[in-house]
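*Asks:* Sequence:
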Amino acid sequence: MNQEMVTQAIKKHKVVAILRGIERESVEPVIDALYEGGIRLLEITFNQKSLSKLQDTAAAISYAKKKYGNSMYVGAGTVMSVEEVICAENAGASFILSPNVNERVLRAAVERNMCAVPGAMTPTEIVTAYEAGAAFVKLFPAGNMGLAYCKAVMAPINHIPLMAVGGIGLDNLRDYLCAGFESVGVGSSLTCREMIRNKEYSRLSSLAAEYMQAATAKKNL
914 MNQEMVTQAI KKHKVVAILR GIERESVEPV IDALYEGGIR LLEITFNQKS
964 LSKLQDTAAA ISYAKKKYGN SMYVGAGTVM SVEEVICAEN AGASFILSPN
1014 VNERVLRAAV ERNMCAVPGA MTPTEIVTAY EAGAAFVKLF PAGNMGLAYC
1064 KAVMAPINHI PLMAVGGIGL DNLRDYLCAG FESVGVGSSL TCREMIRNKE
1114 YSRLSSLAAE YMQAATAKKN L
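Residue numbers (the numbering used here): 914 to 1134.
Hints are supplied without guarantee of correctness; some may be wrong.
When the alpha-carbon atoms are kept at most 25 Å apart in a straight line, the in silico BS3-like pairs for lysine-lysine are as follows [claimed, not checked]: (1) K966 - K978; (2) K1112 - K980; (3) K925 - K978; (4) K924 - K1064; (5) K980 - K924; (6) K980 - K925; (7) K925 - K979; (8) K979 - K924; (9) K966 - K980; (10) K925 - K1064; (11) K966 - K979; (12) K979 - K1064; (13) K966 - K1112; (14) K1064 - K978; (15) K966 - K924.
These are computed hints drawn from the structure, not numbers from a lab.
Model, not experiment: these values are computed from the prediction.
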């Protein structure tokens, strides 16, 4: 799966579901529930405090890729080192996301034909990331900064494809897509801890479907 295919998939499917801090025994049923709800873009993060972060993230990525193949686009999140890029690639990830702009990490991903999505907040950071080879730049934390800030930042650099991450939920997802973001990353408001704790995976699938419906409704606005 090459970088262009992944880029087009992100533009098409819009919603990247972020799996962060989920107990090992819940990871596989959560992935299944999200897929059943229509999620086709999945970010499985590295827990930077965990001694088993490489093994845990690789196992989750491998599960998703082996079960769903090319029908689900799986990426690694919170990628902050070249070692993690290599780990993600070996596990089957086709894209990486980072909270910051690290040109060594960017280059490592691009060299492996992986779609790189670094995180940035200012115009300088966004342009630096894009010129270093980013396929998208993750404006983070977009929801917390507010739509007015995001629009002001986007205006002079509207040639750069952006992903809104941080503070994105059902209440504002459409607003960010309509403002010009190519996609959104959604974490805890989608991967609901209460549903996961209670093993309410059908409810999780229904919630995922709501997000996908909200994302595609943009076309009709």
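*Asks:* Against each hint, give a clear statement of whether it holds in the structure.
*Replies:* Now for the hints, and whether the structure bears them out:
1. With a C-alpha separation of about 18 Å, the suggested pair K966 and K978 falls inside the 25 Å cut-off, and the hint holds.
2. In summary, the hint linking K1112 to K980 is supported, as the alpha carbons are separated by about 20 Å, within the 25 Å threshold.
3. At most 25 Å may separate the alpha-carbon atoms for a hinted pair to count; K925 and K978 meet this at roughly 19 Å.
4. Restraint check for K924 and K1064: satisfied, since their Cα atoms lie roughly 19 Å apart, inside the 25 Å limit.
5. Proposed proximity of K980 and K924 is supported: the alpha carbons are some 23 Å apart, at most 25 Å.
6. Distance restraint check for K980 and K925: the Cα-Cα separation of roughly 22 Å lies within the 25 Å cut-off, and the hinted pair is therefore satisfied.
7. Taking the CA atoms of K925 and K979, the gap is near 22 Å; set against the 25 Å cutoff, the hint holds.
8. In summary, the hint linking K979 to K924 is supported, as the alpha carbons are separated by about 24 Å, within the 25 Å threshold.
9. Taking the CA atoms of K966 and K980, the gap is near 21 Å; set against the 25 Å cutoff, the hint holds.
10. Of the supplied pair hints, the one linking K925 and K1064 holds, its CA atoms being roughly 22 Å apart against a limit of 25 Å.
11. Of the supplied pair hints, the one linking K966 and K979 holds, its CA atoms being roughly 20 Å apart against a limit of 25 Å.
12. With a C-alpha separation of about 39 Å, the suggested pair K979 and K1064 falls outside the 25 Å cut-off, and the hint is violated.
13. A distance of roughly 24 Å separates the Cα atoms of K966 and K1112; the hinted pair therefore holds under the 25 Å criterion.
14. Among the hinted pairs, K1064 with K978 is inconsistent with the structure: their alpha-carbon atoms are about 36 Å apart, more than 25 Å.
15. Distance check on the hinted pair: K966 and K924 sit about 29 Å apart at the alpha-carbon level, beyond 25 Å; violated.
Violated hints, listed in ascending order, are 12, 14 and 15; each of the other numbered hints is respected by the structure.
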